[in-house]
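Colleague: Given next are the chains, with one letter for each unit.
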Amino acid sequence: MEESKKPQSIFVLGWIILILGILFTLLSGFLILGKTVLSEEVELWIDQYFDFEAFTLLIILMVFRSLYHLVMGIALLKGQNWGRLWFLWLMLIETGLGLLDPDLMDAGRAVIFLLFLYFLTRPGITFYLGKVTVPVKYTFKSLFSRPLTTVLTILGISLVSFMFCGVLMLANGIAKVLVATGEDDNVVFMEEDKFNEVQSMLSPEEVDKIENLGYFVFDEEFGEQLLSPELVASITLPDINDPTKDKNVTMRGTNEIAPRLRRNFRMVEGEMYEMGLPNCIVGKSLTKRMANCNIGDSVNVAGDYFRVIGVFETGGTMYDSEIWTDLFSLRDSYNRQGVGGSIVLGRLEDGNDMAALKKELDENPDLEVKAFIEKDYYKTQSENTTGFLKYLGMFICVVFALGATIGAMITMYSAVANRTNEIATMRSLGFQGEGIQAAFLIESMMIGALGAVIGIAVASVLSTIEIQMFSTVNFFGEFYLKMTLTLLTVLYTFIFAISMGFVGGVFPSIKATRMKIIDAFR
Amino acid sequence: MKLLKLIVKNAFRHRLRTILTILGLAITIMSFGIVRNVLEVFSFSEDDLIPGHLITRHKTSMMQFLPYSHLDKMRQVEGVEAVTYGFWMGVRYGDDPEEFFARMAIDQDNFYKIRSDWITSEEDIEDFKTVKNAALITPALALKKDWEEGDVITVGCDYFETVSLDVEIVGQFEFAQEQNRQAEFMLVRGDLFRRAIGQEVSPEMEHQVGWIELLADPPDEATEIATRVDSLFMNSDMETKTEPVNAYANAQVERFRTIITALQVSSYLMIGVILLVLLNTMSMVARERINENAVLKTLGFRGKHLVILNFGESMFVALIGAVLGAALIWPGIKLFKTLMPFLQQVKFEWITVVWVIPAMIIVGILASLVPVIKATNTSIVDGLRTLE
Chain A
6 MEESKKPQSI FVLGWIILIL GILFTLLSGF LILGKTVLSE EVELWIDQYF
56 DFEAFTLLII LMVFRSLYHL VMGIALLKGQ NWGRLWFLWL MLIETGLGLL
106 DPDLMDAGRA VIFLLFLYFL TRPGITFYLG KVTVPVKYTF KSLFSRPLTT
156 VLTILGISLV SFMFCGVLML ANGIAKVLVA TGEDDNVVFM EEDKFNEVQS
206 MLSPEEVDKI ENLGYFVFDE EFGEQLLSPE LVASITLPDI NDPTKDKNVT
256 MRGTNEIAPR LRRNFRMVEG EMYEMGLPNC IVGKSLTKRM ANCNIGDSVN
306 VAGDYFRVIG VFETGGTMYD SEIWTDLFSL RDSYNRQGVG GSIVLGRLED
356 GNDMAALKKE LDENPDLEVK AFIEKDYYKT QSENTTGFLK YLGMFICVVF
406 ALGATIGAMI TMYSAVANRT NEIATMRSLG FQGEGIQAAF LIESMMIGAL
456 GAVIGIAVAS VLSTIEIQMF STVNFFGEFY LKMTLTLLTV LYTFIFAISM
506 GFVGGVFPSI KATRMKIIDA FR
Chain B
54 MKLLKLIVKN AFRHRLRTIL TILGLAITIM SFGIVRNVLE VFSFSEDDLI
104 PGHLITRHKT SMMQFLPYSH LDKMRQVEGV EAVTYGFWMG VRYGDDPEEF
154 FARMAIDQDN FYKIRSDWIT SEEDIEDFKT VKNAALITPA LALKKDWEEG
204 DVITVGCDYF ETVSLDVEIV GQFEFAQEQN RQAEFMLVRG DLFRRAIGQE
254 VSPEMEHQVG WIELLADPPD EATEIATRVD SLFMNSDMET KTEPVNAYAN
304 AQVERFRTII TALQVSSYLM IGVILLVLLN TMSMVARERI NENAVLKTLG
354 FRGKHLVILN FGESMFVALI GAVLGAALIW PGIKLFKTLM PFLQQVKFEW
404 ITVVWVIPAM IIVGILASLV PVIKATNTSI VDGLRTLE
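Note that the protein sequences, when read in sequence, are chains A and B.
6 is the number of the first residue of the first sequence in the numbering used here; add one for each residue after it.
54 is the number of the first residue of the second sequence in the numbering used here; add one for each residue after it.
Simulated from the structure, these hints should not be mistaken for lab results.
Take these hints with a grain of salt, some might be off.
What the hints assert, rightly or not - Only pairs whose alpha carbons sit at most 27 Å apart, straight line, appear in this in silico DSS-like list of lysine-lysine:
| hint | chain 1 | residue 1 | chain 2 | residue 2 |
| --- | --- | --- | --- | --- |
| 1 | A | K395 | A | K384 |
| 2 | A | K146 | B | K62 |
| 3 | B | K427 | B | K62 |
| 4 | A | K395 | B | K400 |
| 5 | B | K182 | B | K166 |
| 6 | A | K384 | A | K289 |
| 7 | B | K350 | B | K198 |
| 8 | B | K58 | A | K395 |
| 9 | B | K185 | B | K166 |
| 10 | A | K487 | A | K395 |
| 11 | A | K516 | B | K390 |
| 12 | B | K350 | B | K58 |
| 13 | B | K126 | A | K395 |
| 14 | A | K250 | B | K294 |
| 15 | B | K294 | B | K126 |
| 16 | A | K516 | A | K146 |
| 17 | A | K289 | A | K142 |
| 18 | A | K146 | A | K384 |
| 19 | A | K293 | B | K58 |
| 20 | A | K142 | A | K516 |
| 21 | B | K197 | B | K390 |
Chain A extracted, bound-state conformation (with noise of 0.2 Å):
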C-alpha cells in the first residue's frame, strides 16, 4: 500500500510546487519587462504597487523564488531523491525563518509552514527518506578521507560566509545604533518637505503653534508640558588621534526639558549645561575620539567657545556622538536668530494618540509641519543605510557565492569519481541509489556547515571592533558602533552555507546513483 501512495502523493505536491513556480516566474517577468520595455502605463501601476526602493529586493526575491520552485517541482515530478531532500531542507528553512524572525512570515511562508507540519505529522513522512536507508557513518568517515580537497572547499565556503556573515552583522550594529534612538511616545516635528535635522528649520511661531496643540504630557516638575525644540548643526572637530583629520559632530542646542524626554539620560561626569551660559556637554561615545571633548575643553563653534562641563550617556543610541548645548547660545553662535529650532521634540499624552495628532496637522493650513514618532523616524533612518548596505552586500554575496558553490561542485565530483569502488560495494551489500545519494549530498551540506562555522567563528571577531558610520539622519553626522552577531545572523549564514554545498552537491550525487554497479566495479 506503502508503495503505491508514495509517488501519487509526491505528484500532486510537485504538481503543485510546480504551478506555483510557473505563476512566480511568470509575475518576476511580469514585472521586469513592466520596468523596463513595457508601456508606461504599466511602469506607473507597477511604482504604484511596490515602492522602488523594495522593488529590487522583490524582484531578486521573485526570482530566487521561482526558480527554486520550478527546480524542485520537475524534480519531485520526476521522483527524484534530492528534489525531496531540497523540499524538506527549504521547508525546514522556510519554517525556521518564519519562527525566527515574524516579520518575515508572510503568507508564503505560513503555507509552505503548514505543509511542513501536515507531512510531519503524518507516518508518511517516511516517503521522504525514511523507507531508504542511508549510510550516514560512511558519509561522516568519508568527510575527511581526502583532507586537503575537503579543506579547501571548507575555507572556500568559509569566505563567503565570513563576508554574508559581516554584512548582516554590520547592518545589526547600524540597526540597534538606530533603533535604540527614540522612543514609542515621542513625537518629531520636522518641516515639511525635509527629510533630516539638519535641514529642516522652523520658526518659532511654528514652535508656538505646536506646543499649543496640547498633546503633550505636562510636567509638575517644570510646570511645563514635556517639549523641547532643538536646533540641530553640524560641526567638524579635529579627530583625537590625528588632529590635521576633521570630523563631523553633530551638536544639539535644547533646553533643561531634552534630557528628560530620553529615558536613558544620564550624567556620567560633571554638570548639565546651563540656559544661557555657553557650556556644553559631551556624549560618551566622543570623549574617546574627538579632541576638545573633555571637561574643561573647549569645543569652537563658529568662532564661539563653548566649555565643556559635563559628558553623558543614553544607552548606545545616536545620541551618545553629539554634543549638546542650550538652545540660544547655539543659535547666537550660529547666526540662526529667527529660527525657533529645527526639530520640535514632545512626549505625547496618554490617550492622545498620534492618528488624531496627524489628522490635526492635516487640516491646519497655517501650520506645515509634519510629525512622526521619535522610534519610526529613526527605524526609518535605519532602513535607508542599513537597506543600501544589504542591497550591496547581498549581491556582492550571491554572485560570490556561485564561485565558491563550484568549487563544491568540483570537490563532490571527484569525491564520487574517486569512489565509484566504494559505491559499487555499497550497491551490492543492498544499499539504494537513493540512499548514497542522499549520503553524498548530506556529506557537500556538511562541508557547507564547517565552512559556516569557520566563517560565523572569524566573523564574531569583528564584534569587538568600534567602527565609524555615516549617518542618514544628520547627513554630516557620524556615530560609532560594534557589529553585532546575532542568533538569526548565525541561523542566515548557516542556511546560506549549507544551501551553498546541497546546490554543489546535487549534480555530481545524481551522477552517483546513476552508476551502475558492474561499471562502477570496473
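Position chain B relative to chain A; hints supplied.
Modeller: Using the frame of chain A, we list chain B on its own:
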C-alpha cells in the same frame, strides 16, 4: 612547443572539472571586477589635480558659508595667484527623482583662472561673463536633456527651496578628468545665485559664498600659503580652514571609510576563493598524476619539464578563467546597475581588468605549487608504486 601541447591536453583531460574550475574562476573574477569598479567611485586620482589648488571652507562646519569680503582679503596674501568662489546647488530637477543633474554656482569672472580642468572655449567664457543669467553645461547633460545654446531653463536649489533661477545656456564645458567625462553637470553664474539667496533667504546671504578656491604660486609652498591665509581670519567669527584639494577630497571620502574597507576586504576574499578553487583542482591533478609523472621521468623528462607542465596547466586554466571573467565584468556591471538604483555612478573602468591579470598570475603560481612540489619530490620508484 611539445610541452605546450601536453599542457593543453592535460588541462582538458577531466573536461567537466576543468570547465567547472574555469567557470568558478570567471564568476569570482567578475564579482571581483564589480567590487573594484564600485571602489573606483570612491577614489580619485592625484594626477588630475591642478598644482597649487587650495580650497577654503568655514572652520567649524562644511555647511557654513563664508563672507564674500574674504575673497578680497585673500587676494592680498603673498603667493595667492587667483581667488574664486563657488556654491553647491544640488541635484534635484523638477519633481521626478530620476531627473537629476548636479549643478554649482561659480564666480563668473575668475573661475577659469583656476579651474583649468574645466575645458571650455574663450568665446563661452566671454558669454558666461557677459550674459546676466548665463549657464554652462556638459555635453553629456546637453545630450540627455536635448538642450541647446540659447535655451532658458528653470533650476532650483536643493536646500533653499524658494530659490528658482531662469538660466540661459550659453555654451558647454568639459571635465579634463577621464572619469568625469560622462558627468551631467551645470555651472551657473555665482552673482545670480547670490542675488537670489539674498532676496529669498536673508539679505546678508548676498554677501556670502559657499567655499573659496585659491591658486597658490609656487605650488610647492601651497601648505605655507594655506596657513598664511587661515591666519588672516584667526579669532574672527568666520575662521577658515584652507587645505589642498586632495586633502579636502580625502576628508569627504573618509566618511565612507567603513564601506570602502569592507569592499576592499571582500575583494581580497574573492581572490582567496579564486585561489582555493584553483588550488583544489591542482591538488587533484597532483594526486592523479603521481604515477604518470614517474613514467614521464623514466622516459627522460627532467624535473624542470614536470615543473613547466604543472605550472603551465595551472596558468593555462587561470588565464582562461581570467579572460572569461574579465569579459563578464562589463555585463556584470550592467546587471549590477539595474539592480542597484542608488549606485548609478558605477562605471566600467579598464583599470579593473588590468588589476585582474597580476592577481591571476599570482594565483596561478601559488596553485601550481602543490603539484610541482609533489612531482619533483616523488622518486620514480615511489611514483610507480602508488596505486590510484
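Colleague: Which of the stated hints cannot be reconciled with the structure, identified by number in ascending sequence?
Modeller: 2, 7, 8, 11, 13, 17, 18 and 19
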